[in-house]
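All the letters of the sequence shown, read from the start, carry residue numbers 1 to 570 under this note's numbering.
Hints were generated in silico from the structure; no laboratory data involved. One should not assume that every hint holds.
Stated by the list, open to error - The calculated DSBU-like cross-link candidates involving lysine-lysine, where the alpha carbons are at most 30 Å apart (straight line), are:
| # | residue 1 | residue 2 |
| --- | --- | --- |
| 1 | Lys362 | Lys248 |
| 2 | Lys277 | Lys266 |
| 3 | Lys248 | Lys300 |
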Amino acid sequence: MAAFALASLLVSSAATRGAEAAILRGRAFFVASAGFEDQCKGLRDMMSAAALGEPFKTFEALAGQHTIQRRPLMSRGFTVGEYDVVIGSVQAVDVSNRDVSVIVTGAAPAFDHPQAVTRTISAVVRLGVGRSQVFDYVYFINNWGWYYGNTIIANGNVRANGQFDFGGYASTINGLPRFNDSSGGTFDDQVDDGGVYAGWNIVGSSRARGTTSKPEHMHAFGEHLPMPNLTDLTPYEGMARLNESSIKIGNETVCDGVVGDEDGEKSNLYLHGQKNKPIVLDGPVVVRGDLIIKGYVTGKGSFYVQGNIYVAGNVRYKNPIEPLPGKPDKESMTKWLTANRKADALGLFAREHIIVGDYTDKYFQRYVGPWVRDKRNSSEEDAGEDGIPNTRPGRDGILGTADDDILENDGKWTVEHYTAQHARDGLIPEGSHIGEAIPGTGEDIDGDGKYDPGTQMTEFNTKAPLSRQYWGGNFPQGVGHLKYKTICDNNHKINRLDGAFYTNHTFAMLTLDWGHDLNINGCLVSRNEAIVYGTKHAILNYDLRLLEEGFGLQLPRTWKPLQLVMWRSN
1 MAAFALASLL VSSAATRGAE AAILRGRAFF VASAGFEDQC KGLRDMMSAA ALGEPFKTFE
61 ALAGQHTIQR RPLMSRGFTV GEYDVVIGSV QAVDVSNRDV SVIVTGAAPA FDHPQAVTRT
121 ISAVVRLGVG RSQVFDYVYF INNWGWYYGN TIIANGNVRA NGQFDFGGYA STINGLPRFN
181 DSSGGTFDDQ VDDGGVYAGW NIVGSSRARG TTSKPEHMHA FGEHLPMPNL TDLTPYEGMA
241 RLNESSIKIG NETVCDGVVG DEDGEKSNLY LHGQKNKPIV LDGPVVVRGD LIIKGYVTGK
301 GSFYVQGNIY VAGNVRYKNP IEPLPGKPDK ESMTKWLTAN RKADALGLFA REHIIVGDYT
361 DKYFQRYVGP WVRDKRNSSE EDAGEDGIPN TRPGRDGILG TADDDILEND GKWTVEHYTA
421 QHARDGLIPE GSHIGEAIPG TGEDIDGDGK YDPGTQMTEF NTKAPLSRQY WGGNFPQGVG
481 HLKYKTICDN NHKINRLDGA FYTNHTFAML TLDWGHDLNI NGCLVSRNEA IVYGTKHAIL
541 NYDLRLLEEG FGLQLPRTWK PLQLVMWRSN
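Turn these sequences into a full structure, and let the hints guide you.
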């Protein structure tokens, strides 16, 4: 009996130790996994602070560094374990991507504990910059989006980072199939049939029409897509110089790739293209002031504008794109891309606002002004964690519950600030200092590092008088100071806009041309949209070339979501 009892105790003790070791082994893996997530958060925080001029410089300096040392993982006041993180290497995949090797060791209950059990996770994550996903849509609003009109026709997918409201109107949505990858003129596996996408709910759509207007085409509560930050145009200036970009009117060169960078050079640009003497595009151009543009364009290029963009008349391709396929699928969309690859391509990307039509006119002020001031167009930078106004009660719509956005309308501008760690990591750009706001973080919606109260109609005013003294390009000769209405064509009848339009502020437009359609051929991406149209229809036609990395030009870039390339554990 005694021998049997001793043997039983020994077996029981061994089993207990084995069970404890198994528990610690599982806990160590859990701790290591938490350490990996912690390091990924650190990389994302660095991405939010890193300038896109040299996006990978700081990350490449991490190679071989012990970034986290014996950090405890806490739960309800108790230490669950500790983890160490080492960045093994940072390897270039191509000019726009880097692979970061992350090695995480988790210990339970602690590294120095006599019975410590460790687990190691080795992973590779990919950092990348590229064309922003907001250009996947013919209409994208970084706010609450709306289609208030029975005669709105979208030939392409539409999206809002906030709610998308049809207001009970019978708008038409003819979406396009989405694919996992659409680079290089080819399409990978299909994701869905396209339609309407929103970061919040989709309402008032019962009367919506079109090929993708049914409930299964309404994709609510999707991820928030970040807007490109055009506060610092230095990367695009470098791109323009490298490309040796220029703009011609007919055969005459009117500017190089950067307007306003030389002593005595005018920083504002005026361009008027005619059918027999169009604006000739050749690569990206940066304008350090405002841009006024109208008329015919040809070639491929883009304008990155530090101030406002004024569209003072129709903007038309001399070599336009064809209509989209009637029944879009992988085969027909591929054929369309091949057939339209050589068509003209224009990008109009504003740091501030895009104004279409005569903003000085009383009708523009009367009809557009109320929409700019409408609470649904609110852009005050006290919009909370999600950057979208009117979402303080959360998805459940009830104040005082766990999903409330408590930062919204709290009277404080909540952003992240540069710290000593940012300085050590080399993430503070020249001219900025510890303690200053990090542009584009928190409630800094437009990414300029300064609080903004919202769009005011006075912001549409040109910053310089309209004369050749202040404006380059082909500004009218032999005249003094002009009024804007004298150079704005069509008298409220602008009805054709060819190109990709982007602003993280307001796109404002008035057109009153009842006998014709308004056609926007490309895409419209903005923070706020105040379009008042008096036309037969308002038709937005997507340009499939925007799905490619370049669109024949360089689209505004953002950081891509962190991508897991490889994962293994011992």
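We went through each hint and held it up to the structure:
no. : hint              : in the structure
1   : Lys362 <-> Lys248 : violated, 34 Å
2   : Lys277 <-> Lys266 : holds, 23 Å
3   : Lys248 <-> Lys300 : holds, 12 Å
Hint compliance for this structure: hint 1 alone is broken.
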